[in-house]
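Asks: This is what each chain is made of:
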Amino acid sequence: MRQVSLSIDGLRQAQNKLPNDALTVMRKAALANLDEHGLPTVRDEDWKYTDLDSAIDISNRWLAAGAASATSDSLAESIQSIVDSVVANWLVIANGEIDVTHFAATNGIEIERYSESAAPFSMDRPLADLNAALLHDGLRVQITAATEQPLGILIIDEANAGAAVSQASVKIEVAPGCDAEIVEYQSSAGDDDHYGNSVIALQVGQAATANYVRIQDRRIGHVQTGRLSVSMGKNSQLKMVSYDIGGGLIRNDLDVELGEPGSAATFDGLYLAGDGQHIDNHTRVDHRVGPALSSEEYRGILNGRCRAIWNGKAVVHEGADGTDASQENHNLLLSEHAEIDAKPELEIYADDVKCSHGTTVGQLDETALYYLCTRGLDKRVATQVLTHAFAADLVRRAPVAAAVDAITSLVESRLADLIGEAAS
Amino acid sequence: MLEINDLKSRIGDSEILRGLSLSVNAGEVHAIMGPNGSGKSTLAQVIAGNDDYVVTGGEVKYKGEDLLGLEPEERAREGIFLGFQYPVEIPGVNNAYLLKAAVNARRRHQGLGEIDAFEFLKLAREKMATLGMDPKFLNRGVNEGFSGGEKKRNEILQMAMLEPSLAILDETDSGLDIDALKAVAQGVNTLRSPDRAIILITHYQRLLDYIEPDFVHVLSKGRIIRSGDKALALELEDKGYDWVREAVGT
Chain A
4 MRQVSLSIDG
14 LRQAQNKLPN
24 DALTVMRKAA
34 LANLDEHGLP
44 TVRDEDWKYT
54 DLDSAIDISN
64 RWLAAGAASA
74 TSDSLAESIQ
84 SIVDSVVANW
94 LVIANGEIDV
104 THFAATNGIE
114 IERYSESAAP
124 FSMDRPLADL
134 NAALLHDGLR
144 VQITAATEQP
154 LGILIIDEAN
164 AGAAVSQASV
174 KIEVAPGCDA
184 EIVEYQSSAG
194 DDDHYGNSVI
204 ALQVGQAATA
214 NYVRIQDRRI
224 GHVQTGRLSV
234 SMGKNSQLKM
244 VSYDIGGGLI
254 RNDLDVELGE
264 PGSAATFDGL
274 YLAGDGQHID
284 NHTRVDHRVG
294 PALSSEEYRG
304 ILNGRCRAIW
314 NGKAVVHEGA
324 DGTDASQENH
334 NLLLSEHAEI
344 DAKPELEIYA
354 DDVKCSHGTT
364 VGQLDETALY
374 YLCTRGLDKR
384 VATQVLTHAF
394 AADLVRRAPV
404 AAAVDAITSL
414 VESRLADLIG
424 EAAS
Chain B
593 MLEINDLKSR
603 IGDSEILRGL
613 SLSVNAGEVH
623 AIMGPNGSGK
633 STLAQVIAGN
643 DDYVVTGGEV
653 KYKGEDLLGL
663 EPEERAREGI
673 FLGFQYPVEI
683 PGVNNAYLLK
693 AAVNARRRHQ
703 GLGEIDAFEF
713 LKLAREKMAT
723 LGMDPKFLNR
733 GVNEGFSGGE
743 KKRNEILQMA
753 MLEPSLAILD
763 ETDSGLDIDA
773 LKAVAQGVNT
783 LRSPDRAIIL
793 ITHYQRLLDY
803 IEPDFVHVLS
813 KGRIIRSGDK
823 ALALELEDKG
833 YDWVREAVGT
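Top line first, the protein sequences correspond to chains A and B. Under my numbering, the first residue of the first sequence is numbered 4, with each subsequent residue one higher. Under my numbering, the first residue of the second sequence is numbered 593, with each subsequent residue one higher.
One or more of the hints may lead you astray.
Claimed, not checked - Away from chain A, derived, C-beta distances all over 10 Å, residues of chain B:
id, residue
1, Lys-655
2, Arg-667
3, Arg-669
4, Leu-674
5, Val-685
6, Phe-710
7, Ser-757
8, Glu-804
To be verified - Listed next, the in silico DSSO-like pairs over lysine-lysine satisfying Cα-Cα at most 27 Å (straight line):
id, chain 1, residue 1, chain 2, residue 2
9, B, Lys-714, B, Lys-743
10, A, Lys-382, B, Lys-813
11, B, Lys-743, B, Lys-692
12, B, Lys-653, B, Lys-822
13, B, Lys-714, B, Lys-774
14, B, Lys-774, A, Lys-382
15, B, Lys-655, A, Lys-382
16, A, Lys-382, B, Lys-653
17, B, Lys-813, B, Lys-653
18, A, Lys-357, A, Lys-346
19, B, Lys-714, B, Lys-655
20, B, Lys-600, B, Lys-653
Hint data in this document are derived by calculation from the structure and do not stem from the laboratory. The model shown is predicted, which means the values in this text are computed figures rather than measured ones. Idealized CB from N, CA, C, for every residue including glycine.
Okay, chain B solo, but in the shape it has when bound (with noise of 0.2 Å):
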């Protein structure tokens, strides 16, 4: 699904990810972890196409074809889908326009039809029940007003409703009270399948409780220094990032 080799980038002057290199197959729930500055985000937005990242070398291959010549809006149709760390508020647009451009948007890229106006509404209510969101978001304002555990619920309707092949969760766990994080997990859950792949970064811990991922990732200094299974999360979480820092002598 996704195959990073020795991938370094750049924002203004300063030098994040450093020579990373990670292979994600589909059916696979990968977790990023790592400190503050390690280079979470930025993998994050060269994934999805942020031109504020300078890629500098190594490169990606997403379904076996190069993804950085892509424009962010031939990722998304794509399958690639980024839930963000900071949802953005976009006053006057409303949120069901968005998600269903955005849903006809992929469509019509799969050579299917748009959807129409009743099929659309029907699967949004569902898909918000199943998240626990009031159905009056849809015809508000595009995170609005919202607050931050309702944007990253409002992520995870977006995400759901696209159905990407390779979803990539920036730290939608910051700032949410359990019942929101047990929704948000329940709606990654639900995702998961054979044929997508999801990336979840974290800084802690406490969302690995609910979502079980197959692999997790230490992050530092923009290269991966351990990989291991659950495991290692608990362990990062008992010990803290020091520890793999020193015992990986970096």
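Chain A extracted, bound-state conformation (with noise of 0.2 Å):
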């Protein structure tokens, strides 16, 4: 059992303090799923490297002090400063309540909220129960055409009076046909604990694409969990590239369901983490029928006392024939205090398919290392370009041309943190 538990009653509290409407009654229902079922714990295999302690005790301490919204004097500040970062058209969460001011109204997105609309919230599982029974409210997003900037969801908190806990939820669905770019991006900041949790399901429509760019940046020593659910449409396609770059304890859940043939989804990341950071990426794919492909390539840097986790899931269910999946997890360990779990798991139930998936966990290649040295390259530079080329790599697959910017500069400058800037 785990030494703290998350306190029903103040969840319940803080409930009847949201207004009384078209959510109510989900959010009821979803507490009620809760209070059954519990948050997972490091027994359930999925769980067994990431403890949710820590986000149970923010999320105590804040119910017992009355569950508030985190406020910050300076969010609007860190809202400016993002948006301004990557030219997008910017749905904002703050603190957890929709904030559409940086949003332009544009032919081709179309957005409500959830109060307003029949959109149900997700409640299939313990962290999305949780992030109904307190969403303030959520936004359903429809990309009916491509746009000339992408779309932009940003996620920010900011705890400056007392432990606090934020929800976001976020549907968005891209039309069939249509071309979308879309940049997720969550940061967090200020100097009391903080926990966010957010839900987001993506439906991709038939021959659309999605061209798919996740930015985490919180602050270290800041907790979030996070569920992207995709489904994908007959011959769509889904690009994506994930960048953790901050937080302390990150758990991300991403889910891609292949259940139309002729579909293709690449899903990429790139995690980097120092001391006192604990990041977990879960991804899971399900190929319920071919042809289809899916391809996965997870680079983690590790430098200092950290620890990261890789664990991709391929299921190709029965009849799914003509599948092509593969995974591969490739990590640097600068540090003997680093730690990664890199697990790839495969389940088969079809005959003609195609799976591969590898991983690595190492050192720098001292090939390349020696080829520098003999161009007059200090090895200490050497070991730098190479820390950094094998990042570069995963940012210039950033899928979305208006994030690189922002990507390559958060990229180089906590690496820079990491192991020292790359002189040039």
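These two chains come separately, so use the hints to put the complex back together.
Replies: Structural data, given as structure tokens:
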């Protein structure tokens, strides 16, 4: 049993402070589910490396103090600085509240709040229940035509008035035949503890393309759990790259459902971890029919006392012949105190499939290091150059051009903290 | 420039160089020929400082000083350049970045200021033009996706930019078509100068049609078994390596 458990009474009181609106029934149902099942513990196979105790502790302190939304005077400034760093049409969820002031109404993107629409929120798992139980409001976004600027979803939290918790929920639908660019950016700041929990659903319509960038740059020490569930239509495409730059305890779940033939999903990721960070990426792809393709490559650079987890699961269901699934995970461990748990999982129930997986954990390529040294570079500089290059490969795969500069700068500056700057 | 006396070296458990001696003066071009496994590449790697190769005996002096105590980067800054037989692909490291970093490492060591970006690009483009290289290679990853010929040209480009005192080209001619071979040879010939020494390591005589060596050495089982002028290379081409081995009784 865990040391602490989430205060259901506290959650009930917090819920009673929310307005009585179209979401009330769902919130109550979600809380009942949560009360029955509880949050996952390290005894659950999917959670054996990531203990939610710190999320529960922050939640209980926040609930005991009255469960007010986090506040911070510098929030507006922080939002502006991120919004300025990536040219996009931004929908903001700040400390759990929807803010559409950075969004310009445009042909091709329609938005609706859950409270105004019939969009149900997901309640199939404990963290989704927690999200639904405390959700102020969510956003449903329909992309019906290609737009000049990508859609930006900024989830930002600043806790400067005691420990705080916030929820974000977004459902994005890309219409059939449509090309969409989406940037999800999660960030946090503030002196106090914070726990953010997000639920995002992405539905890619028939013959549609979604280019999706996910950036996580929370404050070191802050907690984030988030699930992105993607469902792919016939002949649709997903190109996604995730970047985990900051955060204390981070758990990202990515689910990709390939339920129609002809779809192709590529999802790559880069995580950078230093002292005090714990970054857990769990991905799961379900091949339900063939032919369909899934391909993922996550890379990690770890230095200092930290831990990262990569768990990539591919399930090829009965009848999903013509499946092509590949998974790769490569890690650079630059410190003896860094730990990586890498686990590819393949479950195959079909005959005609092509599946591959590979993981590596190690140091830099000695041959490349030597080559650079024979050109006069210091071993220290050569090490930095190769480490940057290991990350740069993922940076240049970013499928949304408008986000590349911001990603480059975030990755470069975090790497400079972790290993020192690459001299020119 | 380079004095090698009774050099012995092994990689893992196998003894490769077994008492090799060689003297190279400034202004000279030496060709080292020999069958596969004779120790040609080992010699190149030992001079460049690859620590996979353990020196078990003998000495190497460069410009009168002990070379073997120096790290590979120190040797490079002192003016030693090794053109690799198999240039390493380094995705994510920009070719221009490496060239500039290499040039600046050498310049700083020589007490010169760093090259400015404009001057660097101008120089690089000039050198590339003479090697028949498209300037777009500057912005590619180091050797990433380059063909065999492009990789070798890239090595010669690095050499041309670094202007080394001692250049060792390890089978730079292997896998090159005739156009690439001519371009590489021209790049090397341009660098011939009274204060520079060049060692060409090659399996075939073909390269020596385009770069005329002052001396030709035949390496077998880790030792130089015969030295001569360019006529030796032609004779080798004609009669094969077995001829020398038989002639010297090894």
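Asks: For each hint, tell me whether it holds in the structure or not.
Replies: Now the hints, each set against the structure:
1. Lys-655: Answer for Lys-655 of chain B: holds, closest chain A Cβ roughly 17 Å.
2. Arg-667: Given a closest Cβ separation of 8 Å, the condition is violated.
3. Arg-669: violated, 5 Å
4. Leu-674: violated, 5 Å
5. Val-685: violated, 5 Å
6. Phe-710: Check passes; 15 Å lies beyond 10 Å.
7. Ser-757: Fine: 13 Å to the nearest Cβ keeps Ser-757 of chain B off the interface.
8. Glu-804: holds, 27 Å
9. B:Lys-714 x B:Lys-743: Answer holds: Lys-714 of chain B to Lys-743 of chain B is near 21 Å, not above 27 Å.
10. A:Lys-382 x B:Lys-813: violated, 33 Å
11. B:Lys-743 x B:Lys-692: Holds. Lys-743 of chain B to Lys-692 of chain B sits at ~18 Å (cutoff 27 Å).
12. B:Lys-653 x B:Lys-822: holds, 26 Å
13. B:Lys-714 x B:Lys-774: holds, 23 Å
14. B:Lys-774 x A:Lys-382: Violated. Lys-774 of chain B to Lys-382 of chain A sits at ~35 Å, over the 27 Å cutoff.
15. B:Lys-655 x A:Lys-382: holds, 24 Å
16. A:Lys-382 x B:Lys-653: Satisfied, since the Cα-Cα distance of roughly 23 Å is no more than 27 Å.
17. B:Lys-813 x B:Lys-653: Since the Cα atoms of Lys-813 of chain B and Lys-653 of chain B sit roughly 22 Å apart, the hinted pair holds (cutoff 27 Å).
18. A:Lys-357 x A:Lys-346: Judged against 27 Å, a Cα distance of about 19 Å means the pair holds.
19. B:Lys-714 x B:Lys-655: violated, 31 Å
20. B:Lys-600 x B:Lys-653: holds, 14 Å
Violated hints for the displayed structure, listed by number in ascending order: 2, 3, 4, 5, 10, 14 and 19.
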